[in-house]
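Protein chains: 4
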Amino acid sequence: MKKYRVGILGATGTVGQRFVQLLQGHPQFEITALAASDRSAGKTYAEACAWKLNGSIPENVREIVVTPIEPPLDCDIVFSSLPSGVARETEEAFARAGFPVISNSSVYRMDEDVPLLIPEINADHLGLIEIQQQKRGFGTGFIVTNPNCAVASFAPPLAALHRRYGVESVVVTTLQAISGAGYPGVSSMDIVDNVLPYIAGEEPKVETEAQKILGTFRDNSIDKADFTVSAQCFRVDVIDGHTASVRVDLKEKATLEDIVAAMKEFPTLDLYSSPARFIEVLEEPTRPQPRLDRDSGNGMTITVGRVFPDNVFDYRFVALSHNTVRGAAGSTILNAELLASKNLI
Amino acid sequence: MKKYRVGILGATGTVGQRFVQLLQGHPQFEITALAASDRSAGKTYAEACAWKLNGSIPENVREIVVTPIEPPLDCDIVFSSLPSGVARETEEAFARAGFPVISNSSVYRMDEDVPLLIPEINADHLGLIEIQQQKRGFGTGFIVTNPNCAVASFAPPLAALHRRYGVESVVVTTLQAISGAGYPGVSSMDIVDNVLPYIAGEEPKVETEAQKILGTFRDNSIDKADFTVSAQCFRVDVIDGHTASVRVDLKEKATLEDIVAAMKEFPTLDLYSSPARFIEVLEEPTRPQPRLDRDSGNGMTITVGRVFPDNVFDYRFVALSHNTVRGAAGSTILNAELLASKNLI
Amino acid sequence: MKKYRVGILGATGTVGQRFVQLLQGHPQFEITALAASDRSAGKTYAEACAWKLNGSIPENVREIVVTPIEPPLDCDIVFSSLPSGVARETEEAFARAGFPVISNSSVYRMDEDVPLLIPEINADHLGLIEIQQQKRGFGTGFIVTNPNCAVASFAPPLAALHRRYGVESVVVTTLQAISGAGYPGVSSMDIVDNVLPYIAGEEPKVETEAQKILGTFRDNSIDKADFTVSAQCFRVDVIDGHTASVRVDLKEKATLEDIVAAMKEFPTLDLYSSPARFIEVLEEPTRPQPRLDRDSGNGMTITVGRVFPDNVFDYRFVALSHNTVRGAAGSTILNAELLASKNLI
Amino acid sequence: MKKYRVGILGATGTVGQRFVQLLQGHPQFEITALAASDRSAGKTYAEACAWKLNGSIPENVREIVVTPIEPPLDCDIVFSSLPSGVARETEEAFARAGFPVISNSSVYRMDEDVPLLIPEINADHLGLIEIQQQKRGFGTGFIVTNPNCAVASFAPPLAALHRRYGVESVVVTTLQAISGAGYPGVSSMDIVDNVLPYIAGEEPKVETEAQKILGTFRDNSIDKADFTVSAQCFRVDVIDGHTASVRVDLKEKATLEDIVAAMKEFPTLDLYSSPARFIEVLEEPTRPQPRLDRDSGNGMTITVGRVFPDNVFDYRFVALSHNTVRGAAGSTILNAELLASKNLI
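Protein chains in written order, with the working numbering: chain A, 1 to 345; chain B, 1 to 345; chain C, 1 to 345; chain D, 1 to 345.
Careful, some of the hints might be misleading.
Stated by the list, open to error - If you anchor each label on the Cβ, the simulated ranges turn out as follows:
1) B:ASN298 with D:PRO309: 26 to 32 Å
2) C:PRO204 with B:ASN298: 42 to 48 Å
3) B:LYS264 with D:GLU283: 22 to 28 Å
4) D:TYR272 with A:LYS342: 40 to 46 Å
Stated by the list, open to error - Only some residues are given here: those of chain A computed to face chain C with a beta carbon under 10 Å:
5) HIS26
6) SER179
7) GLY182
8) SER187
9) VAL192
10) ARG291
None of these hints come from the bench; they were simulated from the model.
All of these numbers come straight from a predicted model, not from anything done at the bench.
All residues carry an ideal CB built from backbone N, CA and C; glycine is no exception.
With the hints as constraints, model all of the structure from the sequences given.
See below:
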């Protein structure tokens, strides 16, 4: 199996640390470059990084010297988790320098020529890469993105319903984990014995990304799905795991059994990070719960529960995903595995 | 001012303790009887009660000997926070023995001849008392109830909209505090670093009570409001304060300013426990928050925020109330104050 | 009663907000100036301050325009909660400009000529003011300080024992609340489902301040108490309320009853913010607890429990105080009340 | 490798679930019997058990029918996590029926003829088994125990110091996780935004067990170590991971480097569940922390940090262990592995 040399942009942040953790022992990807802000550049990763995940910094990256975030880096592809403020310019610079940029950042997600990927759902959107390269004058470089962490939790079951019955409208209320805000992120003074009814910039993302993901690639562009989404986003006192409370109206009639079957039968892929089941429907009335279910499928499975007919909508359900794995670093890596499987990197 | 002698049914529980706390220094009500389960009966309240509120058990009730929960008690009226299992029979026994029963229990709320009161909204439903007394053969006794704690958080702003523009349908997602489950209630193992997507029996209550509260009293019965409600109820790691995420469709057109004005202008009452403002609309984008806002108006004000037009519904907003004050003991006491003001006790 | 006009240095911080809250309705002190960092200066307090306490910013300060932190201010005395970095220079400047500086900052606490006060314990240390004014060439201005928030929780019961039996050595392990770190302070990522075994700079303070507080003012200086203190300081997931686990060896023999009596009988003062009891000894084996006991005496009472003979030391006990009231703003205000009662301001 | 057939007593409880989880894929032990209270007996494990660990109940035990807790069971050895109330009689019955009982229960720990084991420290105490069998008239059955979960966190570093320098006295203050109380265990109403200064029965255990563990097996009995221990035990809002704040006086002089070396060099064993390092000394000033370090060595490593000279004692440090792995189920399994390696089962 070909081994790709990977550079990580934003390597010391919350998602950057997840990249490092998830790439331990990965058969296709080997970390050869770690790039972070000027404050970190020149230090070893062990010195520069305030590690916040379980255990200690993995041995194989401790001594790598952190570089500034600018091309070229000593690698074949880059994984990016740059903050929005710097991502637009920097990711373009890397793409223009010939690097495939597989990004968790939000800035390019809604650009017409940039794939917004969930590999199990819309791998064919990779067709945009060629258009992107032509339009932007990139050579071999390009940018692909994965969705917002909250969208990652409900877009999969929605895709299952949309494919079979058509989605008409969706109302989603999210209960999002603190790790989604990075580090230091949410002050403990704001979240202990509390709930925050506001996450900056989140509701617009949640209201727009799913339509692109579930759109159709035809005539060299994405025809967005035409349903509407309403989102209210809350922060709750949970480390990892975004919960989405969802109501949905369908275009065609479907029974409760149909709905559950559509979710359960949605196929997973055969990539290294693919979970055994893409969507798992739990029968227990008290599930899914973030602490118990976020690590399902090594954090890559979407767990769904409490699927019921609804008084106002056709159906309702609760969906949960690990926001820094399936909702961030894990999805970026899965995108890279998809690209490798298609010989696009 | 006339002073009523009050008995509390379920005096050692979470809501029972709130009754005791809120009645400290009350100008109209004086605690003269505390009734609790057989396990507690015969002990002093200080011995029987594992006090879970701030500070210590108030001096004026420490030495009251707890009695069994059966009539007669040495009092003029009873406040009840009995668990559903025993409330139906016991509350009826008290009413039949001539006691006004002002109850926080859920069992009688939806009975046709029992008022389900929010004094600011539907004080005229007290007209049911006479019908109830006739139908059930009660003498001077009767039962009145207050709503479920989650309903108490969003019914007031809903009432404000319904009265002016008519409510067509409502989707509510609640983030409910642990105190709503009593003591010991929610195990810490279930809620630390977690969210529970299920509260036993809650969603059906939230989907039905508001229509009765906002109903019209005519021809000796309540004509329920005809909107539909969809509820998904979550438990979050918050001590006190239920947050409701609400979308609403209206029957008549209204601007955002209309909506906010309707809420702000909804009148409060002139009772002892009435807050200065019944509904307070907060402008800050990060409010309401349970820890900061639950004590607004001594826990009797509903705080509302994030009122916006919605993609799928006409409007959305977030409403919050203190679940063991406005959502339980405080409402029961307010109901008693209303009854006193109408000379019905 | 004379009314003093008060300026607050560091008015937008966690302790600054507590000053504002605790001074609502105070009979002796009226806020006339609010000073904060350059970022805030020029804005109204409502604009400049991210209010983190219950409810909203009090009406009487909302429209006060925040000034830079430099003398003169439009006030008679200043309350300071400046961060250590700027406190030394700034507080001196105010004292030199003639202002009594009543400070919660740590920088001057251990200076030989600066009183480190707990009014109930060492009011006679105010004798240092005159020495300080001479030595530093201050005119009418001066600096007095109150102890570190963790010290405030165990120094009072220690004083009770020291006065009667002499303290030989003390081992204290603290479980400190997050509000002690200010805002944003402790990241939620660091404290949810966690304990931090380190608080920067804390252990040295806890190991030295009590000896000065319990020292004797003679010959114009403080003769420090000669016991040794060992401190290990932890941060726990609690909003307010520092818990101290204490073992103590005494110089003279004392029975358990003696110990408890010494604590209970330690007199309170007759100042406006003085609690009914300075030290309250709780009998229940499960107390004190931060959430239940921190507000005792409006946050100014020290609650003590679990007083027992110890295997290694003479006795052990648990002490608790509200870290931003008795441990910070409340103590500063009490110091000012003491100064007023002695006509020193 | 010989495969033992294992029965679990108390299989549905918190520790019972950890047994099930930790025995997944174990090369020496295979679960063949699950025993639990009468309420559970007769149901499948999947029906009887409210699984509280990550993920779902493992497939290989879902369909095992739970039996009553009485001998005989279909197994070679039993692992017990019975509550104290029933453990004495039941464990004896199993031993008398010929089963090796490897117990996490507290009742037999301090019995003179029962080994209280930490395999890395006192494997030679297994010599007691023969004495026990003779004295109690057991045939091939016997009882061995592992320590209290809090003791498991600080006894290992203490053993390291005791072996080289002799321990004179120890003061330990524990910050214990909620999982130590089982399920439902600690009410969320008691621990959110709070600390509990009392754990029933805990302090006496912590003050006596270490002396037996570090005792010497000679003349067919254990000569207990003669140091004294003082313990104050707190419950904190942490899921897993007990933190111990320790001060220690030594009999012989030792430098800080000596102390650290003694801990680091304490040998691990070569059993299946043995961690790579028995004691890991972390250099970072902010470690150990329960959330980051409890899973070190799959929950079997003791992490130590903040080793410093102390003002009152010779040294102080902070020790941490996973309370339901190294402090409970993991230790019981390690004991069984030790017994197997010595051909004692």
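Evaluation of the provided hints:
Between ASN298 of chain B and PRO309 of chain D, the C-beta spacing of about 52 Å breaks the proposed range 26 to 32 Å. Checking the proposed 42 to 48 Å range against PRO204 of chain C and ASN298 of chain B shows it holds: the Cβ atoms sit about 43 Å from each other. Between LYS264 of chain B and GLU283 of chain D, the C-beta spacing of about 58 Å breaks the proposed range 22 to 28 Å. In this structure the supplied range 40 to 46 Å holds for TYR272 of chain D paired with LYS342 of chain A, their Cβ-Cβ distance being about 42 Å.
Hint on HIS26 of chain A is violated. Least Cβ distance to chain C is approximately 25 Å, over the 10 Å limit. Satisfaction of the interface hint for SER179 of chain A is found here, the shortest Cβ-Cβ separation to chain C being roughly 7 Å, below the 10 Å cut-off. Interface restraint check for GLY182 of chain A: the shortest CB-CB distance to chain C comes to about 8 Å, inside 10 Å, so the restraint holds. Residue-level restraint check for SER187 of chain A holds (minimum Cβ-Cβ distance to chain C is 4 Å; threshold 10 Å).
Interface restraint check: VAL192 of chain A against chain C, minimum CB-CB distance 6 Å, threshold 10 Å, status holds. Taken as an interface hint, ARG291 of chain A checks out: its beta carbon lies about 9 Å from the nearest beta carbon of chain C, inside 10 Å.
Going through the hint list in order, the structure does not satisfy hints 1, 3, 5.
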